[in-house]
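Chemist: So the chains spell out like this:
There are 2 protein chains.
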Amino acid sequence: MYLAKVYVTYKESILDPKGEAVHDALHRLGYTNVDSVELGKYFEIKLTAGKKTVEAEVDEMCDRLLANVNMESYRYEITEMEA
Amino acid sequence: MYLAKVYVTYKESILDPKGEAVHDALHRLGYTNVDSVELGKYFEIKLTAGKKTVEAEVDEMCDRLLANVNMESYRYEITEMEA
Numbered sequence: 001m002y003l004a005k006v007y008v009t010y011k012e013s014i015l016d017p018k019g020e021a022v023h024d025a026l027h028r029l030g031y032t033n034v035d036s037v038e039l040g041k042y043f044e045i046k047l048t049a050g051k052k053t054v055e056a057e058v059d060e061m062c063d064r065l066l067a068n069v070n071m072e073s074y075r076y077e078i079t080e081m082e083a
Numbered sequence: 001m002y003l004a005k006v007y008v009t010y011k012e013s014i015l016d017p018k019g020e021a022v023h024d025a026l027h028r029l030g031y032t033n034v035d036s037v038e039l040g041k042y043f044e045i046k047l048t049a050g051k052k053t054v055e056a057e058v059d060e061m062c063d064r065l066l067a068n069v070n071m072e073s074y075r076y077e078i079t080e081m082e083a
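Chains as they are written, first to last, in this note's numbering: chain F, 1 to 83; chain A, 1 to 83.
No lab work stands behind these hints, which were simulated from the structure alone.
Misleading hints may appear alongside valid ones.
Same chains, same names: a pair is fine if it fits in one copy or spans any two.
Heads up, simulated PhoX-like pairs for lysine-lysine below, C-alpha to C-alpha not over 25 Å straight-line [unchecked claim]:
{"no.": "1", "residue 1": "46", "residue 2": "18"}
{"no.": "2", "residue 1": "51", "residue 2": "5"}
{"no.": "3", "residue 1": "11", "residue 2": "52"}
{"no.": "4", "residue 1": "18", "residue 2": "41"}
{"no.": "5", "residue 1": "18", "residue 2": "5"}
{"no.": "6", "residue 1": "52", "residue 2": "5"}
{"no.": "7", "residue 1": "11", "residue 2": "51"}
{"no.": "8", "residue 1": "5", "residue 2": "46"}
Everything numeric in this text was worked out from a predicted model, so none of it was measured.
Could you put the whole structure together from the sequences, leaning on the hints where they help?
Modeler: Shown next as structure tokens:
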């Protein structure tokens with residue numbers, strides 16, 4: 001069994017209103033030393049090896065479902081889990 | 001300037017309907033080797049040192065705003081950014 005940790009964030013040029021809202025809320029709570037906040041998605045996917053390599057499959061899942069590649073970029077880490 | 005990467009996920013006992021939906025969608029796309037999916041939030045926070053240590057501040061932000069500690073757990077990594 002493998003564990004894939006996938007991080008999906010907006011691309012640089014894309015407005016991140018939720019991140020802005022969190023930034024403003026942190027400032028209102030007194031954390032005025034916070035410069036910027038970006039809010040993304042985080043997936044923990046447990047999977048067994050399929051037809052392709054685990055890495056190829058996770059990459060494909062990101063492109064097809066997990067990220068909107070027009071607006072978002074993704075990165076992932078894959079580790080083998082102990083049985 | 002510091003970069004804090006904060007990961008917020010549901011606690012074990014809490015139902016994760018979005019993760020379930022992604023799991024089901026991946027199965028429909030043919031990734032039947034996917035065992036489970038958990039969907040969490042991922043924050044990238046850039047901040048300067050405030051009154052307390054950066055670690056103490058990020059911990060406090062998680063408790064006060066970023067995570068609902070009744071349902072969610074969090075972890076974070078803090079790195080110093082090059083100026």
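Chemist: If a hint holds in the structure, say so; if it does not, say that too.
Modeler: Going through the hints against the structure:
1. 46 / 18: between (28 Å within a copy, 15 Å between copies)
2. 51 / 5: within (20 Å within a copy, 33 Å between copies)
3. 11 / 52: neither (28 Å within a copy, 32 Å between copies)
4. 18 / 41: For residue 18 and residue 41, both the intra-copy (12 Å) and inter-copy (11 Å) Cα distances are at most 25 Å.
5. 18 / 5: both (22 Å within a copy, 16 Å between copies)
6. 52 / 5: within (18 Å within a copy, 31 Å between copies)
7. 11 / 51: Intra 31 Å, inter 32 Å, cutoff 25 Å: neither.
8. 5 / 46: both (9 Å within a copy, 22 Å between copies)
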